[in-house]
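Chemist: Take a look at the letters that make up each chain.
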Amino acid sequence: MKILVAVKRVVDYAVKIRVKPDKTGVDTQNVKMSMNPFCEIALEEALRIKEAGFAKEVIAVSIGPSQCVDTLRTGLAMGADRGIHVEANSSFLPLTIAKILKSLAEVENPGLIFLGKQAIDDDCNQTGQMVAALLGWPQATFASKVVLDKDKNVATVDREVDGGLETLSVDLPAVITTDLRLNQPRYATLPNIMKAKSKPIKKMTVQDLKVDIKSDIEILEVTEPPKRKSGVIVSSVDELIDKLKNEAHVV
Amino acid sequence: MIMQKWTRSGDFLRFCCKSLTYLRSKENNSVYSSVSGFVHGYESKSKLFEPNDGNHNIELQHRCSGRNLGMQQQYRCFGSSSASKIQRNPLFSSLDAKDISYFKEILGEKNVIEDEERLETANTDWMHKYKGSSKLMLLPKNTEEVSQILQYCDSRRLAVVPQGGNTGLVGGSVPVFDEVIVNVGLMNKVLAFDEVSGVLVCEAGCILENLATFLKPKGFIMPLDLGAKGSCHIGGNVSTNAGGLRLIRYGSLHGTVLGLEAVTANGNVLDMLGTLRKDNTGYDLKHLFIGSEGSLGIVTKVSILTQPKLSSVNLAFLACKDYLCCQKLLVEAKRNLGEILSAFEFLDNNSMDLVLNNLVGVRNPVSSSENFYILIETTGSDETYGREKLEAFLLKAFEKGLVSDGVIAQDINQASSFWHIREGITEALQKAGAFYKYDLSLPVEEIYNIVNDLRGRLGDLANVMGYGHLGDGNLHLNISVKDYNDELLGLIEPYIYEWTSKHRGSISAEHGLGVMKANEIFYSKSPETVALMVSIKKLLDPKGILNPYKVLPRSLISDDH
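Keeping their order, the protein sequence lines are chains D and Z.
Mind the numbering: the first sequence is residues 830 to 1080 in the working numbering, read in order.
Mind the numbering: the second sequence is residues -10 to 550 in the working numbering, read in order.
Think of the hints as simulated: they come from the structure by calculation, not from any bench.
All of these numbers come straight from a predicted model, not from anything done at the bench.
Take the hints with a grain of salt, since some may be wrong.
[Stated by the list, open to error] From the derived model, a few chain Z residues whose C-beta atoms are all more than 12 Å from chain D:
no. : residue
1   : 95
2   : 205
3   : 260
4   : 266
5   : 372
6   : 380
7   : 432
8   : 443
9   : 472
10  : 524
[Said to hold, decoys possible] Some chain Z residues near chain D, calculated using beta-carbon distances under 8 Å:
no. : residue
11  : 387
12  : 395
13  : 396
14  : 399
15  : 405
[Said to hold, decoys possible] In silico lysine-lysine, BS3-like type, Cα no more than 30 Å apart, as pairs:
no. : chain 1 : residue 1 : chain 2 : residue 2
16  : D       : 1032      : Z       : 385
17  : Z       : 178       : D       : 1056
18  : Z       : 205       : D       : 1058
19  : D       : 1031      : Z       : 378
20  : Z       : 207       : D       : 861
21  : D       : 861       : Z       : 298
22  : Z       : 378       : D       : 845
23  : D       : 1026      : D       : 885
A virtual CB, placed ideally from N, CA and C, is assigned to each residue, including glycine.
Excised from the complex, chain D in its bound form (with noise of 0.2 Å):
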């Protein structure tokens, strides 16, 4: 079996984001990039069952401008065993993306798909669920836990949600999201990012795809939430009771 994992580069984590002067969207020139963290925890996990022998193979797919080639090295060094870049300059929203999936799918025929359960940079949480659709595979979001059974050919999948776990079992090939407690990603050893300098990296285009690219949506504006004013100290229980009442109107 071949698991395919999607890997996003965005904005690092760490680093406080600033939006463009002009609003189109957020300032990524000399800002550290990395691959989101929820797509380090899904390719973990599909290394973690390459690892205990249910599959034989992990592809990294990363999509978007020509350094998703770095996040794709750092999947390869943590232990993918080959990456796909697909090139794209403009930016894609989740249902483009999920095309792109959805027919890679179709050339790689892989039997589990990963996906971060979201990106950390729009927040969409939808491509999982759209390659699913698509696909017309059953999907599990927000993994917390995952246990393949090789002769049923099933996921056994502990997803968190609002009161506590809901398990599902979905029959393979399947889409699964993951969520932050599924595990903790390993570190890029130097043997491993040794051997992943030999490990092929394939550019694909769009075009090679036949994925219509036209989108629906269109972005108007991106804005920094309204900044947070300077607290004041008051002296006194009656003067905090008075600003309650007359300032913050809450009592």
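Given chain D, put chain Z in place with the hints provided.
Modeler: Here is chain Z on its own, set in the frame of chain D:
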């Protein structure tokens, strides 16, 4: 997202400060110290504490008998072990009501602190090792007020301890007896920043991390970074010539501080606040105030050269099987990563185990444990170039067998967790119990020999750990023990100092001498040099009111009064 970014030990220090307020003070002007000047942990202190004769005497184990030894004699008497005392200098006045009302007049009521809880915190260093009994803390808001305070204290002969963030490790920032604490915490304004030259001018009480935060959006970084950055003040950094993690790249504060303003004991304000990189007009006196630990004057303003923030930072965490490999790796790193190398730190396996056992959520980045671990950080302007260069270097080192395993951080979160291990050692030590801390400069090839020798000497009495700034030849030698114990301390000191002296090292690489090592200066400096230091001290502070009992041997400062 629940992932947390490690904020280094700043939070920890703040926590410590809070916990200090729970300590109850003894109504007594005395401190029990031992060879190094350590005050024993406050719990054990009460039982070690001897009834005091009221003369503010402190029993202090010291190898040189009698404070009245001349310098020559003191220099010669290394190794002999007998008792001596830190005595409150009887020439210093004691506070009276008139003093307090004068200070209230110039500073305002609320900046004259007599509140016991606040004084408790200000009197105690963050390791709980040194504790004074000052009854007064003053919070000046500007240079003029500092000048007025010192002028008055000098005329009244009231001893003063200058204080910043109180994160020092040698007892330099807390009173020994009842010195008036002058804390510059309210002097925390940035005065100017030049975006072309990168020169920052600010007041002494600016917290290092706040300056870093101020510079960040402007695309600059401070030339120094250290674990205590969340609490320490730039004035204190300058006064102690703090080293830290970026020294290998940007050099010491003697290079990066372009100017400063200091107030001497008699209240004179010395304006040396230049912003020029080159200025050869006469003696460069600012250097006297860099690293003199507040004994010559109080630094009130600093002009410092900040560095452009470079966008590409990469970090590797490596395992080495022996110390020789660490040394070879350092040589190779300097040769091959020269222009982008920004940190080269090491820790031994004992330090790693300490961190793994005492800090929550830490894992060893490499899969199996090794004898040594190295952190290599590169900083450059081009992400692809920096990364490829580091990778190529490490792969070569791996093939040569210098490195037995290693990982490269793939994102900032991973980098933070690697730094957390190195920077968390101090915090882990504190959690593990009592510890003795030494900060030595040694030739790189000798650095680990002292750790091994000391391990042999102490056997299973203590856990000896070595870590530090290998790139700068700076070893942090830490000895973790169950309880503070004079017998054990007798095995450690003067052994460590003698060892260091024999190898022409420094007994204080970056922590300073403070009260802990004031009398040990001869291990690293010749009598003639110390004699000149004493002359300078007497010239700038004839009555000896500034940070007394510290930096220079007590016998040389107080005897001829």
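Chemist: Grab the minimum C-beta distance from residue 405/Z to chain D and call the hint holds if it beats 8 Å, violated otherwise.
Modeler: Constraint on residue 405/Z satisfied, holds at 7 Å.
Chemist: Run the C-beta distances from residue 432/Z to all of chain D and say if the shortest one exceeds 12 Å.
Modeler: 29 Å, holds
Chemist: Quick check for students: does the CB of residue 205/Z sit more than 12 Å from each CB in chain D?
Modeler: Non-interface label on residue 205/Z violated, nearest chain D Cβ at 8 Å vs cutoff 12 Å.
Chemist: Taking only the CA atoms, is the gap from residue 1031/D to residue 378/Z under or equal to 30 Å?
Modeler: 24 Å, holds
Chemist: Closest CB-CB distance from residue 380/Z to chain D, is it above 12 Å?
Modeler: The claim breaks: residue 380/Z does not keep its Cβ more than 12 Å from every Cβ of chain D (closest is about 6 Å).
Chemist: Regarding the hint that residue 396/Z lies at the interface with chain D, is the smallest CB-CB distance below 8 Å?
Modeler: Hint on residue 396/Z: holds, closest Cβ of chain D at ~4 Å, below 8 Å.
Chemist: Non-interface claim for residue 260/Z: all C-beta distances to chain D beyond 12 Å?
Modeler: 33 Å, holds
Chemist: Quickly compare the C-alpha distance for residue 1032/D and residue 385/Z to 30 Å and report which way the hint goes.
Modeler: 29 Å, holds
Chemist: Quick one: work out the minimum CB distance from residue 443/Z to chain D and report holds if it exceeds 12 Å, violated otherwise.
Modeler: Non-interface label stands for residue 443/Z: nearest chain D Cβ at 32 Å, farther than 12 Å.
Chemist: Taking the closest pair, is the beta carbon of residue 524/Z still more than 12 Å from chain D?
Modeler: 49 Å, holds
Chemist: Taken at face value, is the distance from the CA of residue 298/Z to the CA of residue 861/D at most 30 Å?
Modeler: 13 Å, holds
Chemist: Does residue 205/Z pair with residue 1058/D here, judged by a C-alpha cut-off of 30 Å?
Modeler: 21 Å, holds
Violated hints for the displayed structure, listed by number in ascending order: 2, 5, 6.
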